[in-house]
Amino acid sequence: AQTVTQSQPEMSVQEAETVTLSCTYDTSESDYYLFWYKQPPSRQMILVIRQEAYKQQNATENRFSVNFQKAAKSFSLKISDSQLGDAAMYFCAWGGTSYGKLTFGQGTILTVHP
Amino acid sequence: DTGVSQDPRHKITKRGQNVTFRCDPISEHNRLYWYRQTLGQGPEFLTYFQNEAQLEKSRLLSDRFSAERPKGSFSTLEIQRTEQGDSAMYLCASSSPPNTDTQYFGPGTRLTVL
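Quick mapping for you: the protein sequence lines, in order, are chains A and B. Numbered continuously in my numbering, the first sequence closes out at residue 1523. Numbered continuously in my numbering, the second sequence closes out at residue 126.
Be aware that a few hints might be false.
Claimed, not checked - Restricting the straight-line Cα-Cα distance to at most 25 Å, the calculated cross-link-like pairs of lysine to any residue (SDA-like) are:
{"#": "1", "chain 1": "A", "residue 1": "K1482", "chain 2": "B", "residue 2": "D113"}
{"#": "2", "chain 1": "B", "residue 1": "K23", "chain 2": "A", "residue 2": "K1482"}
{"#": "3", "chain 1": "B", "residue 1": "K69", "chain 2": "A", "residue 2": "T1436"}
{"#": "4", "chain 1": "A", "residue 1": "K1482", "chain 2": "B", "residue 2": "T112"}
{"#": "5", "chain 1": "A", "residue 1": "K1487", "chain 2": "A", "residue 2": "T1433"}
{"#": "6", "chain 1": "A", "residue 1": "K1464", "chain 2": "A", "residue 2": "V1428"}
{"#": "7", "chain 1": "A", "residue 1": "K1479", "chain 2": "A", "residue 2": "V1521"}
{"#": "8", "chain 1": "B", "residue 1": "K23", "chain 2": "A", "residue 2": "S1451"}
{"#": "9", "chain 1": "A", "residue 1": "K1482", "chain 2": "A", "residue 2": "S1451"}
{"#": "10", "chain 1": "A", "residue 1": "K1479", "chain 2": "B", "residue 2": "K69"}
{"#": "11", "chain 1": "B", "residue 1": "K69", "chain 2": "A", "residue 2": "T1412"}
{"#": "12", "chain 1": "B", "residue 1": "K83", "chain 2": "B", "residue 2": "S99"}
{"#": "13", "chain 1": "B", "residue 1": "K83", "chain 2": "A", "residue 2": "S1507"}
{"#": "14", "chain 1": "A", "residue 1": "K1464", "chain 2": "B", "residue 2": "Y116"}
{"#": "15", "chain 1": "A", "residue 1": "K1482", "chain 2": "B", "residue 2": "K83"}
{"#": "16", "chain 1": "B", "residue 1": "K23", "chain 2": "A", "residue 2": "I1455"}
{"#": "17", "chain 1": "B", "residue 1": "K23", "chain 2": "A", "residue 2": "V1428"}
Bear in mind the hints are in silico, worked out from the structure with no lab data behind them.
Okay, chain A solo, but in the shape it has when bound:
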């Protein structure tokens, strides 16, 4: 079974600064996908970024980028130039190529200070 671990229950960052959220996972699969989702308070889950495990190049979406270390089974999210609107719960998730479901971590609450 796959597991996803987010070891930082809470993180905080000053506006315009950079923050990195950690995620590790465990799987015996060689081909899979990894995701970061953002869930603002009382609002729906939004896809932030997606990484295909067979691609060595780290995914980037504007201010959001990942550091994907397949051998270490690590998938961290870097948010640059943090904005107040980035404040949310962030979930790391694993998806297999032959699985329908996503396996989520416990989440990290990100607070952005003005």
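Chain B: place on chain A using the hints.
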């Protein structure tokens, strides 16, 4: 392109009552997923459909839970004889080829069982 919609957004019921939730996926998305999320936790997979076929059910989905997607479009999730432990946010997501791995979530239905 409208997103995933769920109805109702909130449901308060008394223990022992039956409840039914509806999910409308993004148009032409052939996969539809149900998750349950308790406060401060990541979503947990319940079940998913490809078109009208229910392909996987979690062990979390007890006999009191049933899901359908009769015409391969919208889906319903019914909980019979609700218990206080059923109180949670029920999330629906959908996906489609070529990136069936990438799931888009609805706003959720928050269930409170008194």
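Hint by hint, here is what the structure shows:
no., hint, in the structure
1, K1482/A x D113/B, "holds (19 Å)"
2, K23/B x K1482/A, "violated (39 Å)"
3, K69/B x T1436/A, "holds (20 Å)"
4, K1482/A x T112/B, "holds (22 Å)"
5, K1487/A x T1433/A, "holds (14 Å)"
6, K1464/A x V1428/A, "holds (24 Å)"
7, K1479/A x V1521/A, "violated (29 Å)"
8, K23/B x S1451/A, "holds (15 Å)"
9, K1482/A x S1451/A, "violated (31 Å)"
10, K1479/A x K69/B, "violated (29 Å)"
11, K69/B x T1412/A, "holds (18 Å)"
12, K83/B x S99/B, "violated (28 Å)"
13, K83/B x S1507/A, "holds (24 Å)"
14, K1464/A x Y116/B, "holds (22 Å)"
15, K1482/A x K83/B, "violated (40 Å)"
16, K23/B x I1455/A, "holds (23 Å)"
17, K23/B x V1428/A, "violated (37 Å)"
Checked against the numbered hints given earlier, this structure breaks hints 2, 7, 9, 10, 12, 15, 17; the rest are met.
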